[in-house]
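3 is the number of the first residue of the sequence shown in our numbering; add one for each residue after it.
These aren't lab readings, by the way, just hints derived from the structure by calculation.
Warning: the hint list may mix true and false statements.
[Said to hold, decoys possible] Derived DMTMM-like pairs (lysine to aspartate or glutamate); straight-line CA-CA distance at most 25 Å:
1. Lys93 with Glu81
2. Lys434 with Glu81
3. Lys541 with Asp558
4. Lys59 with Asp308
[Said to hold, decoys possible] Cβ pair distances, simulated, as ranges:
5. Asp151 with Pro526: 53 to 63 Å
6. Glu16 with Met483: 32 to 42 Å
7. Asn498 with Leu409: 55 to 65 Å
Remember, predicted model here, so these are calculated numbers, not experimental data.
Using N, Cα and C, we set each Cβ at its ideal position, and we do this for glycine too.
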Amino acid sequence: MYKYFSARKYALKEIEKQKTVFKSWGILADWENNCYYTYDKKYVLKQIQQFFKLYKKGLIYRDLKPVYWSPSSKSALAEAELEYNPNHQSKSVTVKLELCPSTISIDLINNNSEPIYALIWTTTPWTLPGNIAVVYSPSLLYSFIKIHDTLGIYLLATDLVNNLSTKIKKSIEIITTVKGQHLSGLKYKSLRYGESDKTFLAGDHVTTDKGTGLVHTAPAYGHEDFLIALKHKIPIECHVDEHGIFMPQTWSELIGLPVLGVGNETVCSLLSDKILHTEIYEHSYPYDWRTKLPVIVRASKQWFLDTAAIKNQSIECLKDIKIYPEIGGSRNALLALIEKRPYWCISRQRSWGVAIPVLYDESDNAIIDEKLLDQYHTLLEKTGQDFWWIHDVQKLVSNTPHSPEKLKKGLDILDIWFDSGISWSCVLGDNKIADLYMEGVDQCTGWFQASLMSSIALRNVSPFKSLFVHGFVVDKNGRKMSKSIGNVIDPQDIVNGNYDKLINGIDILRWWVAKHGSHQTNIPVTKETMNHSKQSIDKLRLIIRFLLGSLNNIKDNNFMHGINYLKYLDKYMMLELKSFENEIYELYNTFQYNKVCAKILHFITNQVSGLYVHHIKDRLYCDSIESDDRLACTATLQAILEILLKNIAPILPHLAEEAFSYYPLKRNTTFFKSSIVNLNQIVIPDSEHVISIMENALMVKNKLSNLLQGKNSLEQSLVIASPNKTFNLLKILHPKNNATRSELIELLQVSSIDLVLNDTLDLKTSDTKQILCKRCRRWSAEKENNLCKRCEKTVNIFYSK
Numbered sequence: 003m004y005k006y007f008s009a010r011k012y013a014l015k016e017i018e019k020q021k022t023v024f025k026s027w028g029i030l031a032d033w034e035n036n037c038y039y040t041y042d043k044k045y046v047l048k049q050i051q052q053f054f055k056l057y058k059k060g061l062i063y064r065d066l067k068p069v070y071w072s073p074s075s076k077s078a079l080a081e082a083e084l085e086y087n088p089n090h091q092s093k094s095v096t097v098k099l100e101l102c103p104s105t106i107s108i109d110l111i112n113n114n115s116e117p118i119y120a121l122i123w124t125t126t127p128w129t130l131p132g133n134i135a136v137v138y139s140p141s142l143l144y145s146f147i148k149i150h151d152t153l154g155i156y157l158l159a160t161d162l163v164n165n166l167s168t169k170i171k172k173s174i175e176i177i178t179t180v181k182g183q184h185l186s187g188l189k190y191k192s193l194r195y196g197e198s199d200k201t202f203l204a205g206d207h208v209t210t211d212k213g214t215g216l217v218h219t220a221p222a223y224g225h226e227d228f229l230i231a232l233k234h235k236i237p238i239e240c241h242v243d244e245h246g247i248f249m250p251q252t253w254s255e256l257i258g259l260p261v262l263g264v265g266n267e268t269v270c271s272l273l274s275d276k277i278l279h280t281e282i283y284e285h286s287y288p289y290d291w292r293t294k295l296p297v298i299v300r301a302s303k304q305w306f307l308d309t310a311a312i313k314n315q316s317i318e319c320l321k322d323i324k325i326y327p328e329i330g331g332s333r334n335a336l337l338a339l340i341e342k343r344p345y346w347c348i349s350r351q352r353s354w355g356v357a358i359p360v361l362y363d364e365s366d367n368a369i370i371d372e373k374l375l376d377q378y379h380t381l382l383e384k385t386g387q388d389f390w391w392i393h394d395v396q397k398l399v400s401n402t403p404h405s406p407e408k409l410k411k412g413l414d415i416l417d418i419w420f421d422s423g424i425s426w427s428c429v430l431g432d433n434k435i436a437d438l439y440m441e442g443v444d445q446c447t448g449w450f451q452a453s454l455m456s457s458i459a460l461r462n463v464s465p466f467k468s469l470f471v472h473g474f475v476v477d478k479n480g481r482k483m484s485k486s487i488g489n490v491i492d493p494q495d496i497v498n499g500n501y502d503k504l505i506n507g508i509d510i511l512r513w514w515v516a517k518h519g520s521h522q523t524n525i526p527v528t529k530e531t532m533n534h535s536k537q538s539i540d541k542l543r544l545i546i547r548f549l550l551g552s553l554n555n556i557k558d559n560n561f562m563h564g565i566n567y568l569k570y571l572d573k574y575m576m577l578e579l580k581s582f583e584n585e586i587y588e589l590y591n592t593f594q595y596n597k598v599c600a601k602i603l604h605f606i607t608n609q610v611s612g613l614y615v616h617h618i619k620d621r622l623y624c625d626s627i628e629s630d631d632r633l634a635c636t637a638t639l640q641a642i643l644e645i646l647l648k649n650i651a652p653i654l655p656h657l658a659e660e661a662f663s664y665y666p667l668k669r670n671t672t673f674f675k676s677s678i679v680n681l682n683q684i685v686i687p688d689s690e691h692v693i694s695i696m697e698n699a700l701m702v703k704n705k706l707s708n709l710l711q712g713k714n715s716l717e718q719s720l721v722i723a724s725p726n727k728t729f730n731l732l733k734i735l736h737p738k739n740n741a742t743r744s745e746l747i748e749l750l751q752v753s754s755i756d757l758v759l760n761d762t763l764d765l766k767t768s769d770t771k772q773i774l775c776k777r778c779r780r781w782s783a784e785k786e787n788n789l790c791k792r793c794e795k796t797v798n799i800f801y802s803k
C-alpha cells in the first residue's frame, strides 16, 4: 500500500506547487474552493459509476485484442501515450514463403520445375513465428519474376519489382503478371517444418508504398492483422508475455528471449535460409512516453469501449462544435482520428490509478452487478479511494450474494484518458455542457477525443460547445522540449531572469503567450521574442504614464462636464475608441489573442499617440485647468485610459492594477471590481458627419505633411483652396479666416489658415507674420514679448485665484 500513499503524497505536493505558480501568473480561478482532483472520493466514485453504466449499456466489454504494449512499463498504452521516434532503426527482412504447387492455377508458372515463392517484408522479424496468412489486394497487379543468378520464381506486387531490384542489386525478369484476384486460394508452406500450410487472404489495407504488396499477417501483433483474423474466424494466439518475452507456446529456441533484442536476432538466424534480403530500415516508430523506450503491439485481455457504436454520432456532434483558431486543421484531424479509431482500450496495468473494480471467477469471467457496486460505494466512503487495494475479496463481496472462495479481484486500472475524459461529469454534472475546452493540439488524440466519446456514450451529447486548440512551445531550434535533451525552459526562469539574465516579470510572459500562443503551430521560445514582448509593454507603459499624468488633477464631475464640450477631434477619438473596443471584444470572444495584442499596439501608436495625444498637448498644457476645451480633452483621455486598462487587463492584469493604483478617480481598491466608463452612454450626434469632417481634415494634413518636407509647420501660414464640399467641411473646424485658434489649426499644427474655394484641392504655405508666444511656444502672439490672447487670459485666471 505504501506506493499508493507515496504517489498521492507526491501528487499533493506538486498540486500545491502548481497552485502557487498559477496564482503568481495571475490566472483567475477559485483556487481554494473550486479545484477538482481525480483522486478525490467523489471523482473516483463517479468514474466507477460511469464505468458500470457503460457496461450495462453494452458499450464496455473485455476481450483479447492487440494493443500497444510497453515492455518497459508492462502496460497497455493508448495512442495518446505514445511518442514517435522519427529516426528509429529496425532490422527489416524480405522473406520468401514457398507456395504449395497444387494451389497454383496459373499454367505458365505451374509448369515450371523451380520452386515458387511469395515475398513478404517486415520490420518486426520477431512477429514471424505468429504468421498465419499472407494478405493481398484483389485490385493490384502482381508479377511472377526471375531474379538473376537466384534459384526459384518469386511473387510480389508489380509496382514494387523495380524497388526490389534496386534493393538486392540484381536484375529481374518478369515472367507473367496477374490481377490480385487470381491469388485467391493460394497456399504456402509454414515457416516451421511440421506446421500446417497457410493461406492467402484478400484485404483492403495492402499498399505499394513499401514492402512487396504481400502483407505478413500475425493477428496477435497487428491491428489490421487482427481484423483480418476476426473476419475469417481465425483464433488469436499471443506467444509474448507482459515483459516482452517469448512464452513456452512458441518455437522452442525462442522461449525466454526478449522480442526487442536477442529474440528478434534469433528469429532471423532460424529463418536465415528463407530470408532473401536484410537491411537496416530507418522510420518513425512508437515509444512509451514515460520510459522513452520502444513499444510493441501485443494481444492481451483488456477492457474496451466500443467506439464503433458511437463513432457516427460523435462525428455528427463534432461538426457542430466551434473550434478556434478557425484557420487550423483541428476539426479535420479530430474527424479523421475518430473515423479511423477501431476501439478504445480503457484498461492499464499500473500501480497508481483508479482500479477497475471487477472480480473474476475461475473461468476468468467478469463478475459485475448492482449489489457489488453498492458494496464498493460503501467501502470507498469508509476507507477511501484505495479500498480496492486495501481489502481482500471476502471484504469486497460481503453484504452481497457472492461467495469469495472462487473469485479473484482484477488488478487493472482505468486509462488516464478515461479518468480525464469524464471530467465533464464530475465537474459540471450530467446535465451541463461546458462552454469551452482548451488544450494543446496533441489532445486531439487525447482529452478532446476521450471527453467527446465518453459523453456521447453516456448521454448522447457533446461535453463542450467549443474547443480552443493551441500549439506547442519549442526551443529556439524548433525542437520539442525534453529533459533528456536538456532544452526545457521553465516559465519561472523567464519571469525571474534565469533565462536571459533580465527580470521580465509575469506580464511579459503573459503577453508573449497571448501574442504567440493562439496559433496551432509550434511556438519557439527565444530571447528575441521575449525582448519584443518587453518592448511592446514598454510602449504601453509610456502611454499609460502620460494618461495618468494628464489626469492628475481631475475631479469626479469633470468628466460629464467635458463630454458636453467635446470638439470634433475629441468626438472622432471617442468614435475610434468605440470601434476599438468593439473589435477587441470580438477578438477576445473568438480567442484571437494574437490579434488583440496587435490591435492594442496599433491603436495606442496610431490613434492615441499619433493622432490624438500629439494634437491636444497645446490644450492640455496651456489652457486653464477648468476650461471647457481642456475638460473636453481630459474627459477623452479619461475614457481612453479606462477603456485601455479594461482591454489590456485580461492579458496584463498586473500592469492594469498598477496603473489603477495611481488613478485619481479609482472607485474601488482594485481595478477588477471597479466600474469604468461606459462608451455606449456617450452619444456622439451625427457620428457619420463627424467622421466625414475629420477624414477630410486628416486628408489635408497628410497632403500638408508631404508639402512641408521637414519644415516646422508651427511657423507656417496655410492657404487651403478646395472644392465646395471640402471647403464646407473644413469651415466647420475653422469658421473665421482671421482667427489664430481653431480646431483645424490645432489639427494641422500651423500658425494660421485661410480657406478659399477652388475647383481642386491646393495648399500653399508661407512664413507666418505672427509672433512667437513665449508661454505656449505657438506663433500666435500679435506683438513682440507679448503672450497670445489665450495665454494672457489663462494667466489672468490663474492669478485671479
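Here is how each hint holds up against the structure:
{"no.": "1", "hint": "Lys93 with Glu81", "result": "24 Å, holds"}
{"no.": "2", "hint": "Lys434 with Glu81", "result": "29 Å, violated"}
{"no.": "3", "hint": "Lys541 with Asp558", "result": "28 Å, violated"}
{"no.": "4", "hint": "Lys59 with Asp308", "result": "10 Å, holds"}
{"no.": "5", "hint": "Asp151 with Pro526: 53 to 63 Å", "result": "54 Å, holds"}
{"no.": "6", "hint": "Glu16 with Met483: 32 to 42 Å", "result": "18 Å, violated"}
{"no.": "7", "hint": "Asn498 with Leu409: 55 to 65 Å", "result": "56 Å, holds"}
The earlier numbered hints that this structure contradicts are 2, 3, 6.
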